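Student: Please work from the sequences and hints to get the whole structure.
The chain contents come next:
There are 2 protein chains.
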Amino acid sequence: MKNDSGMDAIFRPKSIAIVGASRKKGSIGRNIMHNLLEYEFNGPIFPVNPGADVIHSIKCYPTVESIPYEVDLAIIVVPKQYANQAVEDCGKKGVKGIIMITAGFKEVGGDGIKLEEELGRLIKKYKMRCVGPNCMGIINTAEEYSLDATFAPAFPYRGNIGFLSQSGALGAAILEHARDLNLGISQFISVGNKLDVSGNDIIEYWAKDENTKVILLYLESFGNPRKFTQFAREIVKEKPIIAVKSGRTWAGAKAASSHTGALAGLDVGSHALFEQCGVLRVNTVERLFDLAQAFAKQPIPKGKRVAVLTNAGGPGIMATDAVVSVGMEMATLSKGSVNKLREFLSPEASFSNPLDMIASANEEGYYKSLKIMLDDDGIDAVIVIFVHPVHINAKGIAKSIIDASAKHDDKPVLCVFMGKKDEDSGIPALQRAGLPTYQFPESAAIALASMEKYYRIKNRPEGKVKRFKNIEYEAASAVFDRAVKDGRERLTDLEVNKVLRCYGIPMPPFTIVKSLEEAVRFTDQKNYPVVLKVSSAEVVHKSDVGGVEVDLRNEAELVRGFMRIQENMKKLDKPVKNYEIMIQEMSKGGKELIIGTSYDPSFGPLIMVGLGGIYVEIMKDVSFRINPITDLDAREMITGLKGYSLLKGVRGEKGIDIDYIIEILQRLSQMIGNHPCISEMDMNPFMVFPEKEKCLALDARISLHKAEAVAMKGIFKTSKPKKK
Amino acid sequence: MKNDSGMDAIFRPKSIAIVGASRKKGSIGRNIMHNLLEYEFNGPIFPVNPGADVIHSIKCYPTVESIPYEVDLAIIVVPKQYANQAVEDCGKKGVKGIIMITAGFKEVGGDGIKLEEELGRLIKKYKMRCVGPNCMGIINTAEEYSLDATFAPAFPYRGNIGFLSQSGALGAAILEHARDLNLGISQFISVGNKLDVSGNDIIEYWAKDENTKVILLYLESFGNPRKFTQFAREIVKEKPIIAVKSGRTWAGAKAASSHTGALAGLDVGSHALFEQCGVLRVNTVERLFDLAQAFAKQPIPKGKRVAVLTNAGGPGIMATDAVVSVGMEMATLSKGSVNKLREFLSPEASFSNPLDMIASANEEGYYKSLKIMLDDDGIDAVIVIFVHPVHINAKGIAKSIIDASAKHDDKPVLCVFMGKKDEDSGIPALQRAGLPTYQFPESAAIALASMEKYYRIKNRPEGKVKRFKNIEYEAASAVFDRAVKDGRERLTDLEVNKVLRCYGIPMPPFTIVKSLEEAVRFTDQKNYPVVLKVSSAEVVHKSDVGGVEVDLRNEAELVRGFMRIQENMKKLDKPVKNYEIMIQEMSKGGKELIIGTSYDPSFGPLIMVGLGGIYVEIMKDVSFRINPITDLDAREMITGLKGYSLLKGVRGEKGIDIDYIIEILQRLSQMIGNHPCISEMDMNPFMVFPEKEKCLALDARISLHKAEAVAMKGIFKTSKPKKK
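Chains as they are written, first to last, in our numbering: chain A, 750 to 1473; chain B, 750 to 1473.
If you are wondering where the hints come from, they were derived from the structure by calculation, not from laboratory data.
One or more hints might be untrue.
For identical chains, the list gives no copy identity; a pair is met inside one copy or between any two copies.
[What the hints assert, rightly or not] Cut-off 27 Å, straight-line C-alpha distance, at most; resulting in silico cross-link-like pairs (BS3-like, lysine-lysine): (1) K1144 to K774; (2) K1369 to K1391; (3) K842 to K873; (4) K1320 to K1403; (5) K1144 to K1170; (6) K1441 to K986; (7) K1215 to K1120; (8) K1320 to K1169; (9) K1169 to K773; (10) K873 to K1369; (11) K1247 to K774; (12) K962 to K1337; (13) K1391 to K841; (14) K1202 to K873.
Remember, predicted model here, so these are calculated numbers, not experimental data.
Tutor: Structure, rendered in structure tokens:
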């Protein structure tokens, strides 16, 4: 096998057999033939159909084996009951690639699953690559191949976008949409059931494809998210990947005992994955193309400063709103630029940003003004708006914009042409010339914001997964092993304390007291105020059951607090019988974080950080990442919180030690990597201060996977760390 | 003047003069003539131009006065230096309405302002109504008038949408867009500088217009927001008003001394106004039309339960995502419906919601399935998705949908047709038949969510502005009068306490102490813990300067706290010299709100409520409304907070007394209505509990308008309340 992983047989075949080719108008077998011919595939095509001699003016064969020439790729459209026989036939013939259009496999359940398993065996047996089943085909617009092996009605323009769709129907609609926008593609694939050729295979293939500059994905699920994470980080440094992932809001209704688990409902795994890899995510297909137009055709801006050039005030204001609301900035025109503009624009123009040239602006106005903006060092990107006044030639304006921007390839220019979209509007000319053109300003602003985000992704430093040496792996393992052996699903408070200490995560020392006398004795040696907490296997959330007493400042308060806890345990609906009481010195001041982990069936362990306290449940101001996390991931988790400014310090107060929180997150990452039996954990609250020495987890919980789950899911697969 | 406020002369003229009519192709004077003729205005039109005998085959007159027939409306397009002379001429002739297309008035400043003032005088003198200046004209598509008095290139279809644009350029682009969507309008107006005819005039006029069912607004500013508030509340009960208001993100860079003032930056006035009136706001023109299509053509849903009918899985998932993310719900199909569907759909279809009929779904499938959904009592609205498989006739599918939905006028049906948009796609047929058709599912979901919101607006009870009787108006007035007389811009702590008490807003009693001895004496009679706060005209934010000591539990702590405040006042960069210290019992527990008011130059006083504490600054979880507020407004302010669930009580704890907070907001509303010298106030924190008796403002500040501002802006205009 070549280093193309066999994918060339799919996208770069020298000859093609169409098994199930047909003469019947409207049939898939006919449409595929028709597309291959109309798009003028650069090699011979061989229709295969035992019931016909000639199809679409081409000699037809009864079987693939009977074709007297070499066949690289077979496209199979026969009914499902004949599909696997056709594949066997292809295998014997030495065909290298299969596109299985035929549906009725795994996606319909029942016998379809068996059919797909059989197909899988055949593919392996003959060492072929296979796209589908249940797909819409593939396209390679490169001149040497000129291959449209789909049954979609629209022929694509040649361009630099690779587009992968997990839905055939959406794929066809999207090809149509791309054509409407005069947007060309390099390759297209409808992956169907992904039996063999996966999304990951395609992305790796396109990473090396010279014709593909931008990668678009429509995804419904991840096949192998961990592999995706590994290589997508690399690829996005070279080529932007833009994805629509549907199934966003389908919260898994899973019961979770930890806060972290409860917060991990809404698609956080996908979100974390995209953030970590630097994949740009959009929510709709419309946005996908707003971005695709810009990325495919324009340079990436090097900053946030946007200038708006317009011939009408209203759209200029709308553009300003849009620019600011997506987090970009309105540039300030330099004095030099303003002086130059005054030389030729109407004195009634407004010489600021947006630069409103008013309705009289002509071709010269657009040309010169845009050039001045592109020359202005204070501007990173330009949005050009044109509303068509009756006496102005729109095509001429389009030409001015094309000419002015042609001389600058360092700053993106995005156009907004409002009104008609016909040839006279200038829009098709702009699009063909590589100037993305939108109907309203918001799309342009959103595209620019994504490009600027990509600029930062491209230039962000490589993060590192740190392995701390000063940990006590064996001691921690012993604790976990014992709990797993006992069949327990939670560690005791003492065990949690021990494990965290093994990984250098600070918790305040505490003493277990069994009586009021012991508690009073404890405080003899310590300073008030103290905290009392119930500790019991029967209690998950201590404060929910009235099991926490804080800020006890003297013996009288301590006695009252101790007795209150005892009473509270009795008066519960389900009284807690077996418990001890922990006593510890009270930590004062600081800010509350919640730090934790939860296990996602597709993505594995997720790490979370958020602003703690009761607000975490209401505001949901939390960040998740997939384990393992790099130092960069950890930093982005913290700086991405809405409450980050609170952590940095507001109103002149000192900020917390962010670097130390990054370290704690990395220590946690190492811990859950080393001990995959951990299913969920919370440190809530983890108190943070400007001084690193003061930071600590005031309370923590660790839950373990159920023994059966561990056995079934192979959760223990993670490799053990090297010994110190 | 008739009760149409003279607007009939604009929209329903019997004859029209075009002053500045022209033969020159591409000129505005020619295009308006052309549009009037092409659209076949139902009365005579008279070109006026001293340099021509005939224009566009019609006899031309040198002046309006020389026209030997009656003229209702004059459209003026002459250069600005002749414009007012033409108006005078019209006045003498007895013309009742003017559309001043000509630009170069107030919007260009300088002499333009004088020109506009002169125009205003002439309008008044001759009792005419005038649209513009600097506008693009008006349209009335009603068959009896058939009036297109614009120079926009696209003729509108007849329909039921009234559309007002504050930007001429955007107006033209939007008319074009409406035509693309096969969307008809009833009347259109480009209001220009709004010298005479205002947005409010038009909305009132359309409220009574039988042909107008939906009102669309593109606004850049409000002329008279208070008047708008008064009548828009009424109108939206009959006709939905949908608005794009630009200038959203232009935060007024005003210095504010209160939290409320600082939070009132981002366009909160417009937002509050729209919420209070029930006007639906969208951020982009695209969304405006997504909604307009649905509102113009479909019934309002009576609930949130949406069913999705599709022939492709991917778009079905995307629709589900979209439905859930806009706050609607996915309906559950009844068992009866599922049984009926099983009778004719492919067994490979998925019989849930989304109902995926798979690609083989034909005309019968769409017709019957849609009918079953519309008959299902568990469904409030349906989104029908169609992706074009090669062998299916899209026009036939469109017809099935039209036929099935024709028999139900109680539930909205919105379509998503992906792919081509030509006649064969079925899309134009659907649109002409009154079925809004979108390209991707998100637009449909957003439109449905807005319709459902409108359903609730339409049915929400009438709120009432409550005037409490048990207030001490005179006593409060005396406090304010003295402060204003003294030229002060802030009330003292004692004054604030007094004023709040006058309005029945509880604050804890406190005592001013001048020495440590006095403080200790205070506590002799009270229970610890106590709070100390600095009180000084030099201090705005007490805690920022170290002027607050809380939870002092005994004499030793009190002494240390007192001395710490004294030290803190000394060691400031600008030491505080004149201060007193307040002592009060400490309130414990409860939740923190911030309640306040700030003054907006266009909207007057705004009232705010939010979750208090440090989070208010970070999370900005606050609601604003324009004063006065009704009980309903107050309730919506509270229930609209992201943190509302926190106030209701989380994890089984008791919620706070929401009704009492509503009362406090209304008391505040009455106070700021009675004393318009108040510029800003904060109660921060306002502590709330499940028990009404415990709720109180722990700290409060009141600032007053500067004396000059009061004099200049006429802020004192609010009428005094009736005596008790």
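Student: Each hint: holds or not?
Tutor: Each hint tested on the structure:
no.: 1; hint: K1144 to K774; in the structure: between (40 Å within a copy, 18 Å between copies)
no.: 2; hint: K1369 to K1391; in the structure: both (10 Å within a copy, 10 Å between copies)
no.: 3; hint: K842 to K873; in the structure: within (15 Å within a copy, 93 Å between copies)
no.: 4; hint: K1320 to K1403; in the structure: between (44 Å within a copy, 18 Å between copies)
no.: 5; hint: K1144 to K1170; in the structure: both (11 Å within a copy, 24 Å between copies)
no.: 6; hint: K1441 to K986; in the structure: neither (35 Å within a copy, 59 Å between copies)
no.: 7; hint: K1215 to K1120; in the structure: neither (48 Å within a copy, 61 Å between copies)
no.: 8; hint: K1320 to K1169; in the structure: neither (73 Å within a copy, 68 Å between copies)
no.: 9; hint: K1169 to K773; in the structure: between (39 Å within a copy, 23 Å between copies)
no.: 10; hint: K873 to K1369; in the structure: neither (47 Å within a copy, 58 Å between copies)
no.: 11; hint: K1247 to K774; in the structure: neither (73 Å within a copy, 88 Å between copies)
no.: 12; hint: K962 to K1337; in the structure: neither (55 Å within a copy, 62 Å between copies)
no.: 13; hint: K1391 to K841; in the structure: neither (60 Å within a copy, 64 Å between copies)
no.: 14; hint: K1202 to K873; in the structure: neither (42 Å within a copy, 55 Å between copies)
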